[in-house]
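So you can see what is in the structure, the chains are spelled out below.
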Amino acid sequence: MRVLGAVPVLVLILSSPPARAQYRPPPPTEAAERLREGDDLRQEAARLDSKGDRSGADDRYRRAADRYERALAADLDGKQAVPAAAGLGAACTALHDYARAARALAPVAASHPEATDVKFHLAVALYKLKRYAEALPLLDEVCKKGAPEHFIAHYYRGVYAIVEKDGTGALEALQRYLTLRPAEIAGDDYQIHELVGRAYLLLRKAPEARAAFTRAQAGRPESVSAQMGVEAALELEGKRAEAVALLGGLAQRHPAAVDVKQRLGALLLAGGDYARAADIAQQLVKQQPSPTAHVLLGDVRLAQKQARPAEQQYREALKLQADFVPAQLGLSRTLEQLGKSAEAIELLTAAARAHPEDLALQGALGSACRRAGRFQQAIEVHQVVVDRAPRNPLGQLLLGADHFATGQWDEAIADYSAALKLDPAEPRARHWLALALARRAQVRARSNLIDDAVLDLRRAFDLDRTTPIGEALAALLLTRKQFLEAEAALKSIANPGWREPLLLGYALLGNGDAKAALTSFEQAGLHAPDGATRSDAYVGWALAKLELGDFETAVGKLSGPSESPAALKVMRANLPIALVRLGLRRLDENDVAGAQKVLDAATALPESRRAPVSAIAELLRGLIAMDRAQWAQAESSIGAALSKKEPWFEPYARPLLTAYLEYRRGRLKVARAALATARKLPGADKVAWAQELTRAIGRREAEQLYAEGALPKAEQLLKSLAAADPLNAVVTHNLAALRYRRGAVDAAVTTFRQVADTIPEAELNLGLHAQYRQRDARAAMAHYQKYIAAGGARAPTVREWVDRIERLQGLDAAPAAAPAADRSGR
Amino acid sequence: MKRLGLAVAWLLLAVAPARAKTGATTIGLFVPSTIPDGQARFDLGQKLAAELQKALGHPVEALSFARYSDFAAAARAGKLDLGVVDGWVAAEASERFTPVAVAVIAGETRQRWALVSRGARTLAELAGKRVALTRGVGPGDGLFVTNVIFEGDLDAPARFKLTFVPAVESATKVLDIGSADAALVPLAQAGGKGRVVYKSPQVLTAVAVAFRGGGRDLGAALRSVGAVAPLDRFVTEGVDELVALRRVLLRGPTTPPPAFADSPPPRPDLRALVTFKGVSPTWPSFIETLNVPSEAPED
Numbered sequence: 000m001r002v003l004g005a006v007p008v009l010v011l012i013l014s015s016p017p018a019r020a021q022y023r024p025p026p027p028t029e030a031a032e033r034l035r036e037g038d039d040l041r042q043e044a045a046r047l048d049s050k051g052d053r054s055g056a057d058d059r060y061r062r063a064a065d066r067y068e069r070a071l072a073a074d075l076d077g078k079q080a081v082p083a084a085a086g087l088g089a090a091c092t093a094l095h096d097y098a099r100a101a102r103a104l105a106p107v108a109a110s111h112p113e114a115t116d117v118k119f120h121l122a123v124a125l126y127k128l129k130r131y132a133e134a135l136p137l138l139d140e141v142c143k144k145g146a147p148e149h150f151i152a153h154y155y156r157g158v159y160a161i162v163e164k165d166g167t168g169a170l171e172a173l174q175r176y177l178t179l180r181p182a183e184i185a186g187d188d189y190q191i192h193e194l195v196g197r198a199y200l201l202l203r204k205a206p207e208a209r210a211a212f213t214r215a216q217a218g219r220p221e222s223v224s225a226q227m228g229v230e231a232a233l234e235l236e237g238k239r240a241e242a243v244a245l246l247g248g249l250a251q252r253h254p255a256a257v258d259v260k261q262r263l264g265a266l267l268l269a270g271g272d273y274a275r276a277a278d279i280a281q282q283l284v285k286q287q288p289s290p291t292a293h294v295l296l297g298d299v300r301l302a303q304k305q306a307r308p309a310e311q312q313y314r315e316a317l318k319l320q321a322d323f324v325p326a327q328l329g330l331s332r333t334l335e336q337l338g339k340s341a342e343a344i345e346l347l348t349a350a351a352r353a354h355p356e357d358l359a360l361q362g363a364l365g366s367a368c369r370r371a372g373r374f375q376q377a378i379e380v381h382q383v384v385v386d387r388a389p390r391n392p393l394g395q396l397l398l399g400a401d402h403f404a405t406g407q408w409d410e411a412i413a414d415y416s417a418a419l420k421l422d423p424a425e426p427r428a429r430h431w432l433a434l435a436l437a438r439r440a441q442v443r444a445r446s447n448l449i450d451d452a453v454l455d456l457r458r459a460f461d462l463d464r465t466t467p468i469g470e471a472l473a474a475l476l477l478t479r480k481q482f483l484e485a486e487a488a489l490k491s492i493a494n495p496g497w498r499e500p501l502l503l504g505y506a507l508l509g510n511g512d513a514k515a516a517l518t519s520f521e522q523a524g525l526h527a528p529d530g531a532t533r534s535d536a537y538v539g540w541a542l543a544k545l546e547l548g549d550f551e552t553a554v555g556k557l558s559g560p561s562e563s564p565a566a567l568k569v570m571r572a573n574l575p576i577a578l579v580r581l582g583l584r585r586l587d588e589n590d591v592a593g594a595q596k597v598l599d600a601a602t603a604l605p606e607s608r609r610a611p612v613s614a615i616a617e618l619l620r621g622l623i624a625m626d627r628a629q630w631a632q633a634e635s636s637i638g639a640a641l642s643k644k645e646p647w648f649e650p651y652a653r654p655l656l657t658a659y660l661e662y663r664r665g666r667l668k669v670a671r672a673a674l675a676t677a678r679k680l681p682g683a684d685k686v687a688w689a690q691e692l693t694r695a696i697g698r699r700e701a702e703q704l705y706a707e708g709a710l711p712k713a714e715q716l717l718k719s720l721a722a723a724d725p726l727n728a729v730v731t732h733n734l735a736a737l738r739y740r741r742g743a744v745d746a747a748v749t750t751f752r753q754v755a756d757t758i759p760e761a762e763l764n765l766g767l768h769a770q771y772r773q774r775d776a777r778a779a780m781a782h783y784q785k786y787i788a789a790g791g792a793r794a795p796t797v798r799e800w801v802d803r804i805e806r807l808q809g810l811d812a813a814p815a816a817a818p819a820a821d822r823s824g825r
Numbered sequence: 000m001k002r003l004g005l006a007v008a009w010l011l012l013a014v015a016p017a018r019a020k021t022g023a024t025t026i027g028l029f030v031p032s033t034i035p036d037g038q039a040r041f042d043l044g045q046k047l048a049a050e051l052q053k054a055l056g057h058p059v060e061a062l063s064f065a066r067y068s069d070f071a072a073a074a075r076a077g078k079l080d081l082g083v084v085d086g087w088v089a090a091e092a093s094e095r096f097t098p099v100a101v102a103v104i105a106g107e108t109r110q111r112w113a114l115v116s117r118g119a120r121t122l123a124e125l126a127g128k129r130v131a132l133t134r135g136v137g138p139g140d141g142l143f144v145t146n147v148i149f150e151g152d153l154d155a156p157a158r159f160k161l162t163f164v165p166a167v168e169s170a171t172k173v174l175d176i177g178s179a180d181a182a183l184v185p186l187a188q189a190g191g192k193g194r195v196v197y198k199s200p201q202v203l204t205a206v207a208v209a210f211r212g213g214g215r216d217l218g219a220a221l222r223s224v225g226a227v228a229p230l231d232r233f234v235t236e237g238v239d240e241l242v243a244l245r246r247v248l249l250r251g252p253t254t255p256p257p258a259f260a261d262s263p264p265p266r267p268d269l270r271a272l273v274t275f276k277g278v279s280p281t282w283p284s285f286i287e288t289l290n291v292p293s294e295a296p297e298d
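These protein sequences, in sequence, are chains Y and Z. Position 248 of the first sequence, counted from 1, bears residue number 247 in numbering that gives the first Met the number 0, the numbering being contiguous throughout. Position 254 of the second sequence, counted from 1, bears residue number 253 in numbering that gives the first Met the number 0, the numbering being contiguous throughout.
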């Protein structure tokens, strides 16, 4: 109970006159007589003490105690027993003879449960004798009564709570003390404020703690202890530099204050400033070669990996105090560093035996065993720590580390969970529980227990939102296709490197946001540490391109080189599908040769033989064959590609493509039949292309009918086509051509002129009109030339016409004026 | 005209041995524009007869005619079973026959004609000039030039002085000696010194026609005969064209009907047909690369 240093106020209070005057009517008994003498003597002692006559006071107190004892002996169960015991307690306290008080007061307190005065003195005596287990119930009882004269009981209660790290209890008791203490001793309140500050430190309330220490300091010369309290508050706030500066200044102003240097050294050591820490520690050793100074220097040397000098310092400390636990701990660690694990364990075993109550020693012994590979022993020793301090998370943390080291994840998780239950704010318990969960998740994932692994990692990430755990969770979520959660987890990681944007890219891709995925993959590529990881990033990038429909780029990237074997595997797996999709795109752009080239490249890859890529490739082959009028090949390929019901094509795809094939082939009736089949399938009626194909078949039929001379039928069909598709220039033109033939010349010519820009045949027909109706060879030629320039299908024939007209020019184109039939007589 | 008379003079008007007498098949040839040189025409007849004889298994005789009127007379007299006639002449003819095959020459059943001139560069320069050409049936030969060669766009007899000669080689000859300003000959025979000022559309070469029935067997026999120089063979393809050619020749070309525009075939809308559902790309294994921190607690 180092905290209970000199408490002058206590002496003052205990040596004051009894709270109430004792009135005893005559005749006084022996006991009463002794009691009165005792009281008188105690009064005299207080008077002498206040005059500064300490020895005189002690003499009176001793004599008073003697009188009280005699009074007690004469009347142990009588009326005088309680006041005599109270008086004896007060005298003994003044004499610091607590054993005497405890011995004499205990029976009185037991036989007079109502005697709070006696209990108060007994509690103080027991407390001073460090018999806390007996003292505390009595102190609590006295505190509960709340008698103002027993205000010091609150002080003891508060101090004890601080030692027990019970900040709330301490604050309560100390506040009570400040309320009850007499005004005359208010001058010493600064000590209480310091204690209040420490209570707040326990409660991790840095501003309140700082305020309390500042209050303790107010109006007084610089107090080292108050300043150390402020420093502790700064540390709590994470202001290490400020704390170091404060301690540095304090050490300069109070060179004798070894505590300050000790703290400064420890702080510098913890902050990694080994040089300054060593300097301070050396100063300390020189100034006051205490065990703690040597230990500090030893700790610094150990941190500097200077095992030998460290060992020397610890041994120096042990020379000064053979059982100095910090030195024993340091020395054992040093021995371990020197490879002398057995010696370290031996040292710690002896130390732990000598200090069975010291948990740190016990813990260190177990940990040394663990590091030496003696796992079972480690667990046994640490179990002792748990048993001895079941409310201290330390034991569970140590056990957790043992189980962690042996890969017993379930046990480690249970240990850390227990530690966290004892102290929910314990950062190590949180961290290691998270890591144990992550490790178990890894094992589970590798055993394909993905769901269980996700549960572990979710919990781990909740405990410890660090990058590696977030990454691992996201990776598993991606495997389970839980893209939204993966995205959320990855976005909550504070300082992403290269792998998080890579995983985020896949999460975004899974969520259908390929554009954002592309950016994320680019980010990953930018931060990738080497060629292999860059390859990994760019595979994702290529897949995003694929999703965005940029097949050309995707194919380029997927067929390029890669430094990562994993990336290469993914590239090879995806290249065939990228190629066939590129092929389909090329075909869509009318680049049949390009499509064929891509198809050849795809089929050269062994991966393209797997379904469904093989089937899509076959479809591509069929479509190419159709463009090349290789009908048999087209028919067989399309049939083979779309033979089974697969989700990658619509059920009406096959009949529609069959209809298209027959249409291209010119078998219009068969085409119509296939189209009718397709139309019966759900969804087909919504396909705009099916309508387009229907109309195309109609147009082709009309062309056939026209060529056969079935003009009324052709006209009927064209009319219905024009009604269904009024903006179709081909239909408009052909209907006009048909009507021209049936005599509606002027209207047809007007239509030809209207559509001449888009339909080359309109120019041809205008040419024919000019040549044969209007007998205007020049106008005809102009129209024909426009037709030829527009690349009309009949251009070679028309070129001959033009040639003939040109050659005939100058001959006055004689026959033009008369129909050929009229010249038959020549 | 004297020259024409001279030309006719050497023509051999072979008097066919009466088929009735011999029981032989008689083939009559009138190909003055398709086969240049009378000897060649005669040889062709003989070779063809010999080949047909092999094919038919009975005697075949060939009669090569110099004038169409003689050919027609023989036909009308029932002396001919089969005739091989220039296509344009057959189109112009009014005799009853059945076309059974078309002659293939230089791989084609049709040939272009050329107006060849020694001096003129354009048709315009030939206006009112002498143009020599082979005499066909006779009265309608001008229509051949107007309606077939110039496709009805030029009234040939009105614009040129048409000079008829017995055979194509005569036309070339009169051009060479300056008796004509131009000659209308099959393009394949226009390789002389003249300049081609006009090329006609394609016209049937020569056709085989059957008289008095029996055309099917004779046609089949003719088609089974191989190459008989300068003919490659006889085929049935193009036989129908004779009717069209006759119509054009006699009545002039018909006005072409307005052309229909071919609607381009719509491209299949693959997006509506192929969903690629379930064809998801292969992703890397995230389990294989699952990394958790390897740090272990130490105290």
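Hints are computed from structural coordinates only; laboratory data are not their basis. You may find that some hints are simply not true.
Stated by the list, open to error - Quick list of in silico lysine to aspartate or glutamate cross-link-like pairs, DMTMM-like style, CA-CA up to 20 Å:
1) Y:Lys304 with Z:Asp268
2) Y:Lys480 with Z:Asp268
3) Z:Lys276 with Y:Glu649
4) Z:Lys198 with Y:Glu649
5) Z:Lys198 with Y:Glu315
6) Y:Lys685 with Z:Asp268
7) Y:Lys568 with Z:Glu287
8) Y:Lys285 with Y:Glu241
9) Y:Lys712 with Z:Asp298
10) Y:Lys339 with Z:Glu297
11) Y:Lys304 with Z:Asp261
Claimed, not checked - Residues from chain Z that face chain Y, not an exhaustive set, calculated with beta carbons under 7 Å:
12) Phe41
13) Leu122
14) Ala260
15) Pro267
16) Pro280
Ideal placement from N, C-alpha and C gives every residue a C-beta, glycine not left out.
Of the numbered hints stated previously, which ones are contradicted by the structure, given in increasing order? Hint check: 1, 2, 4, 5, 8, 9, 11 and 12 fail, others pass.
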